[in-house]
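Asks: Listed below are the residues making up each chain.
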Amino acid sequence: MASLRDIRKHISSVKSIKQITYAMKMVAAARIKRAQSSILASRPFAVEMDRLIADLYSELGEQDLEGTQASALFSERPAGGPLCLVLVTADKGLCGSFNTNLLKAAAAWLKENRGRKIYALAVGRKGRDFLKRLKGLDMEVVHELVGVFPKAGYVHAQLLADAVLKLYGEQPVESVTLIYNEFKSLLAQRIVTDRLLPLKMHIAQDASAGGRKPGDFIFEPVKAELLGALLPRHIGAQLYRMLLESQAAELAARMSAMEAASKNASELIEDLTLKMNKTRQTMITTELNEIVSGSEALGG
Amino acid sequence: MEKKRLLLTIVTPEKTVLSEKPVDAVTIPAFGGEMGVLPGHASFAAQLKEGVMHYRDGHHREIFAVLSGFAEVHHDKVLVLAEAAELSKEVNEERARQAYQKAKESLAIRGADLDLDEANAALRRAAVRMKVAEFKRKHKQ
Chain A
1 MASLRDIRKH ISSVKSIKQI TYAMKMVAAA RIKRAQSSIL ASRPFAVEMD RLIADLYSEL
61 GEQDLEGTQA SALFSERPAG GPLCLVLVTA DKGLCGSFNT NLLKAAAAWL KENRGRKIYA
121 LAVGRKGRDF LKRLKGLDME VVHELVGVFP KAGYVHAQLL ADAVLKLYGE QPVESVTLIY
181 NEFKSLLAQR IVTDRLLPLK MHIAQDASAG GRKPGDFIFE PVKAELLGAL LPRHIGAQLY
241 RMLLESQAAE LAARMSAMEA ASKNASELIE DLTLKMNKTR QTMITTELNE IVSGSEALGG
Chain B
1 MEKKRLLLTI VTPEKTVLSE KPVDAVTIPA FGGEMGVLPG HASFAAQLKE GVMHYRDGHH
61 REIFAVLSGF AEVHHDKVLV LAEAAELSKE VNEERARQAY QKAKESLAIR GADLDLDEAN
121 AALRRAAVRM KVAEFKRKHK Q
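Taken in sequence, the protein lines are chains A and B.
Under our numbering, the letters of the first sequence match residues 1 to 300, in that order.
Under our numbering, the letters of the second sequence match residues 1 to 141, in that order.
Mixed in with the good hints, there may be bad ones.
Far from chain B, some chain A residues (derived; all Cβ distances over 10 Å) [to be verified]:
# : residue
1 : Thr21
2 : Leu103
3 : Phe130
4 : Gly153
5 : Thr279
6 : Arg280
7 : Ile291
In silico lysine to any residue, SDA-like type, Cα no more than 20 Å apart, as pairs [as the list claims (entries may be wrong)]:
#  : chain 1 : residue 1 : chain 2 : residue 2
8  : A       : Lys151    : B       : Ala126
9  : B       : Lys21     : A       : Pro221
10 : A       : Lys223    : B       : Lys15
11 : B       : Lys49     : A       : Lys92
12 : B       : Lys49     : A       : Ala229
13 : B       : Lys21     : A       : Arg31
14 : B       : Lys102    : A       : Ile218
15 : B       : Lys15     : A       : Arg241
16 : B       : Lys49     : A       : Ile20
17 : A       : Lys223    : B       : Ser68
18 : A       : Lys223    : B       : Ala30
19 : B       : Lys15     : A       : Pro221
20 : B       : Lys15     : A       : Ile39
21 : B       : Lys15     : A       : Val47
22 : B       : Lys15     : A       : Glu48
23 : B       : Lys77     : A       : Ser75
24 : A       : Lys151    : B       : Glu14
25 : B       : Lys15     : A       : Glu225
26 : B       : Lys15     : A       : Leu187
27 : B       : Lys15     : A       : Ile20
28 : A       : Lys223    : B       : Glu72
29 : A       : Lys223    : B       : Leu79
30 : B       : Lys49     : A       : Glu225
31 : B       : Lys49     : A       : Leu83
32 : B       : Lys15     : A       : Ala46
33 : B       : Lys77     : A       : Ile20
34 : B       : Lys77     : A       : Asp50
35 : A       : Lys223    : B       : Asp57
36 : A       : Lys151    : B       : Thr16
37 : B       : Lys49     : A       : Ile218
38 : A       : Lys9      : A       : Ile20
39 : A       : Lys33     : B       : Thr16
40 : A       : Lys33     : B       : Glu14
Hint data in this document are derived by calculation from the structure and do not stem from the laboratory.
The beta-carbon is built from N, C-alpha and C at its ideal position, and this holds for glycine as well.
Isolated chain B (complex conformation) (with noise of 0.2 Å):
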């Protein structure tokens, strides 16, 4: 008999990151702490705070990046639902801090209301990004 597998999906606003993905187990960063799920997990709907999940297809590890969001699992179907997500080798921290500092910059400076918003959006984008390449390093070590 095939061995049971999970089929994960992760979507975002902006994209759909993952479809249906068969993986063999996924690590979630819940609310309430980390959160293994295997084939056969109990349903369940929780809510996720930013942090790094995994999942493992075979013996190729995949680690993402996720932003505060929530996850579904029902009849060995994972359904994350984040606000994003990202391959944790797409970030690049020395990048994300240097956004960190030059929105932050801006912020301060006040110059034209118009950029307001956009600069408080680069922040929150750079601060996620900043604790992605942090969790990944804290993740190596």
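With the rest of the complex left out, here is chain A (with noise of 0.2 Å):
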């Protein structure tokens, strides 16, 4: 049986460990909030974003299209090039199941995908350390951003979508496909896989129900080199919005886990306090006991 002192030796240890959890768990609970404002603040760049290439997009005949930087970024690829993958990760750890089930469906798409020509963007340590860790692939890390969370800005998710575009522009990828954790509530997160290019032409059609006439605007300069500039940007928004959200993931996924490890360790320290006290109280008994039975030998 363990003695008294280990005991509270160990009571002690595990107090410290639930003050850690404690206060990592208030850190990821204020953070979220200025996660999730965040979100919040860059939807309606978003929005309008997507409302002016509808715009642009109803203006534009398809022989204008032709040909042009933009008709490249929507049109379809001849299947069997390679692939490209962007997996957006946490940079650390102790955020419960977050990065495992990340990387358990990046396997998953790996897997899937055996055999072909793989160039990977890695966004986030935990997800960078596992990609080169893969062995007997044909696989190539071409970029990667680590040590953006966080503070992930947009100009972060402009240098990745620089890269995406960079590759996409040198190399006949067939697709890109994004796989990241998307902030449901605080207690859900979502893995999302997602195809980011060629882009869906139905960003193009969905907001031409907007009543504006053809021919109405002016534009500087000329449509599809305008359209051929916005669309990178498109780009941009949607990385952008897509690392706030698993910024914002992994803040609620790190808060629930170190909710549940403070419990845990409260849990703990109840029973080993019981279990302290216990061995106490035996110990008096037996004390007692002896003392007792001392006296009453001497005495007769």
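Since each chain sits alone in its own frame, please combine them into the complex, following the hints.
Replies: Right, here's the structure in full:
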């Protein structure tokens, strides 16, 4: 049986762990508010951007688009080319199954596309390390973005967008896939596997019911060029949203994981205290017993 | 009859700077040159380059620095989508220059590759700020 001193030591170590997990929970809780509000703040930009693209697109005829930079982003590419994966994970652990689930999803995706050349872009240290550890795959990590959380800004999204577009322009990449965690609520995250490129036609067609007559607008520079400049920004905005979602989801995951850890620590402390008290009482009883039996033996 | 006014909205990915603020006139740094917009302007969409945009609200003038983006005017509504927009008085030239230097140095050293992206990002931000400060100085003279 553990001695009283051992139990006391154990309790104090559990207590300090609880302090740490509790502090981490509070930090995550404080940051999540900011993360949520930056998601909200990024929304108007994305909405207006989509609308502008839709307006532009409805003004453009097919022949205007032909052969421009913009059409290259829209058109489907022949199947069988290399693939590109953008994996967004956290930089740090201690956030429950956040990273594990992501990496599982990424592994499943990689397995599905086994045997093809894969270009990977890693955001977050965990994902980068995971991709670097993988062996026996025809994979190249072309870009990594590490240490951006929890202060991901639009500049980071832009760097990422530049890298994606450069790759997409230089290589015959068939499609660009995103794997990231979406922030659903404080308690739930959802892993999303989404296609970034080629762009889906529906973003251009969605809002064309805006009730505007074509020919209303003056464009500067010409439409196709304008669209060509707009689309990379659109991709940037999309990536930015993805970074923010992942950031908020990570914080939410960390918050609930740390809350659970603090709770477990409290329970452990309770159990240990009970055990300690029992041990102490047993000791006292034994001592009393010894004293009483000793004095009885003396007194006869 | 009430005078016609423009409704100005400026949004960046990180925040909404202005939302439907009624103003009298807006000047936008369009790709082909500065462009003045008054109420009743024809609809247009234009690409912006980095520069200063200002708006006038009565006698009050406000100067913004915008970094490449887009502007759309439709039915007296001006929508500016910029990658960054800052009130020019919020830009501190000295600090921007220091930040630029620092970012450049850390890029030159290229220590741990972990800081590379952050340094690149900082460099971009600082470059924009410096440009803004420069514009501001020119504007005053």
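Asks: With reference to the structure, classify each hint as holding or not holding.
Replies: Hint check:
no., hint, verdict
1, Thr21, "holds (26 Å)"
2, Leu103, "holds (20 Å)"
3, Phe130, "holds (16 Å)"
4, Gly153, "violated (7 Å)"
5, Thr279, "holds (49 Å)"
6, Arg280, "holds (51 Å)"
7, Ile291, "holds (66 Å)"
8, A:Lys151 x B:Ala126, "holds (17 Å)"
9, B:Lys21 x A:Pro221, "violated (27 Å)"
10, A:Lys223 x B:Lys15, "violated (27 Å)"
11, B:Lys49 x A:Lys92, "violated (38 Å)"
12, B:Lys49 x A:Ala229, "holds (11 Å)"
13, B:Lys21 x A:Arg31, "violated (31 Å)"
14, B:Lys102 x A:Ile218, "violated (43 Å)"
15, B:Lys15 x A:Arg241, "holds (13 Å)"
16, B:Lys49 x A:Ile20, "violated (48 Å)"
17, A:Lys223 x B:Ser68, "holds (17 Å)"
18, A:Lys223 x B:Ala30, "holds (14 Å)"
19, B:Lys15 x A:Pro221, "violated (27 Å)"
20, B:Lys15 x A:Ile39, "holds (10 Å)"
21, B:Lys15 x A:Val47, "holds (13 Å)"
22, B:Lys15 x A:Glu48, "holds (13 Å)"
23, B:Lys77 x A:Ser75, "violated (33 Å)"
24, A:Lys151 x B:Glu14, "holds (12 Å)"
25, B:Lys15 x A:Glu225, "violated (27 Å)"
26, B:Lys15 x A:Leu187, "violated (26 Å)"
27, B:Lys15 x A:Ile20, "violated (34 Å)"
28, A:Lys223 x B:Glu72, "holds (13 Å)"
29, A:Lys223 x B:Leu79, "holds (17 Å)"
30, B:Lys49 x A:Glu225, "holds (14 Å)"
31, B:Lys49 x A:Leu83, "violated (34 Å)"
32, B:Lys15 x A:Ala46, "holds (11 Å)"
33, B:Lys77 x A:Ile20, "violated (52 Å)"
34, B:Lys77 x A:Asp50, "holds (17 Å)"
35, A:Lys223 x B:Asp57, "violated (31 Å)"
36, A:Lys151 x B:Thr16, "holds (18 Å)"
37, B:Lys49 x A:Ile218, "holds (18 Å)"
38, A:Lys9 x A:Ile20, "holds (17 Å)"
39, A:Lys33 x B:Thr16, "holds (18 Å)"
40, A:Lys33 x B:Glu14, "holds (15 Å)"
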